[in-house]
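**Q** Based on the provided sequences and hints, a complete structural model is requested.
For the record, the sequence lines run as chains A and B. Numbering-wise, the numbering used here puts 893 at position 165 of the first sequence, and it's gapless, one number per residue. Numbering-wise, the numbering used here puts 756 at position 28 of the second sequence, and it's gapless, one number per residue.
If you are wondering where the hints come from, they were derived from the structure by calculation, not from laboratory data. Do not take every clue at face value.
Which copy is meant is left open, so a pair is good if it fits within one copy or across any two.
Calculated pairs, DSS-like style, for lysine-lysine (alpha carbon to alpha carbon, straight line, at most 30 Å) [claimed, not checked]: (1) Lys933 - Lys730; (2) Lys916 - Lys933; (3) Lys825 - Lys803; (4) Lys804 - Lys784; (5) Lys945 - Lys730; (6) Lys933 - Lys899; (7) Lys916 - Lys899; (8) Lys897 - Lys933; (9) Lys924 - Lys897; (10) Lys803 - Lys730; (11) Lys730 - Lys916; (12) Lys748 - Lys933; (13) Lys897 - Lys916; (14) Lys825 - Lys842.
None of these values were measured; they are calculated from a predicted model.
There are 2 protein chains.
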Amino acid sequence: MKANVIFTPENLDELSFSGKTTVVIDVLRATTTIINALNNGAKEIIPVASVEFAVKVSGGMFGGLTLLGGERNTKKIEGFAMGNSPQEYTPENVNGKSIILYTTNGTKALVKAKFSKNLFAASFSNLSAVAEHLSSLNQDIEILCAGRNHSFSLEDSICAGKMITEIIKFKEGLELTDTAKACIILSKSFGRNLLKMLMETEHGKLLIENGFEDDIKFCSKINNINSIPAFNGNVIKLLVKE
Amino acid sequence: MKANVIFTPENLDELSFSGKTTVVIDVLRATTTIINALNNGAKEIIPVASVEFAVKVSGGMFGGLTLLGGERNTKKIEGFAMGNSPQEYTPENVNGKSIILYTTNGTKALVKAKFSKNLFAASFSNLSAVAEHLSSLNQDIEILCAGRNHSFSLEDSICAGKMITEIIKFKEGLELTDTAKACIILSKSFGRNLLKMLMETEHGKLLIENGFEDDIKFCSKINNINSIPAFNGNVIKLLVKE
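**A** What follows is the structure, encoded as structure tokens:
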């Protein structure tokens with residue numbers, strides 16, 4: 729069993745994920761939003777890779793049962809019901825709804841990895857639940873960081889490092905690639921105070937500038953949600969364990 | 729003054745380097761080879777981004793004074809005088825010669841960054857010399873890791889982290905991007921025993937498999953050469969300080 733971390737989906741072909749077990753991480757904020765929305769009763773999340781496709785998909789769905797959510801340049805997209813703040817996705821807002829979600833990095837990463845055999849969404853909020861489930865699957869793991877601006881994201885890498893550290897507790901001989909080793913070291917160094925770390929990253933600073941400091945606080949919580957979002961047939965639903 | 733690290737040149741446009749001060753790092757082995765070749769008396773290095781272009785350029789040059797060097801899949805290219813082992817570039821082999829060099833990652837990164845205002849090549853061998861020179865320039869710094877297979881290279885990142893740590897000795901208030909911070913942490917954790925670290929990286933293992941263990945030993949030496957290769961008008965020569 730082997731763990732690898734990919735710092736950005738940018739250069740990978742969709743087909744490279746065929747048959748793989750993949751976890752997408754976008755701490756700030758897409759995967760945290762997805763986890764919270766499903767945990768609060770959303771029926772499903774439909775991640776899309778463009779705003780145009782989000783609007784197109786929503787046109788063919790029943791009004792009232794479908795919501796458009798997402799951001800561009802950190803802010804809610806005009807005409808969309810919700811932005812990308814996890815806390816907007818309350819039980820009152822999302823219960824029973826299908827949510828079409830577009831975000832700059834996170835949903836693109838999920839769409840890129842759609843041919844994976846197993847595809848999950850993770851963040852600090854469901855870290856241990858995902859780690860335990862991955863250990864039970866006993867398959868090689870690709871942790872795909874959504875990254876930022878087609879590049880490295882410190883917060884996603886730290887989350888990946890923490891997840892691998894958790895998996896090692898169950899799988900002592902876990903083989904690690906260079907990126908996996910690097911993420912473990914980064915998580916040990918930066919992972920002690922997640923809120924402080926998130927506030928000091930480039931992405932964190934940008935969110936604070938745009939008035940989303942509360943989102944950072946929400947995204948810094950660890951293991952507050954035990955749910956595992958799983959992608960299947962173009963939609964993400966909570967994993968129902970057998 | 730600010731320091732940034734780029735983990736791979738893959739997604740960047742050539743023009744994004746316009747006016748910048750850039751350092752290219754490819755520890756295993758291209759920049760170590762370039763530093764050693766110039767230090768051993770080579771007149772100049774002409775980095776190229778394709779084998780075809782290497783052959784084309786060499787056709788227009790005087791025989792005897794020009795050498796073709798480089799690798800594909802770690803090995804010397806058929807018809808080339810030399811591979812990518814730094815130790816092949818002895819004074820006897822290179823003195824007074826123009827060397828056209830093609831390597832999988834390193835020379836491509838140099839060519840990608842060619843529009844930089846200042847462009848240098850660094851590795852562990854000339855780390856402190858380059859750090860001191862960059863400090864004296866007092867410009868924002870882009871450290872471009874050549875990476876591996878269009879992705880992250882642990883050894884290049886560690887070298888970048890060590891270089892930034894050196895620069896901070898001269899420039900206390902140096903501003904750091906997220907990647908720069910990550911590299912410093914990686915260099916502190918992995919940088920104590922460079923030979924061991926290099927032997928255990930994915931790239932190191934591949935080189936050992938292909939019989940290049942001596943190259944790794946050579947590339948693990950730190951500050952054994954004080955020369956700074958500088959790119960100017962499509963060729964790399966040793967920097968002559970004013």
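**Q** Taking each numbered hint in turn, which are not upheld by the structure, reported in ascending numerical order?
**A** none
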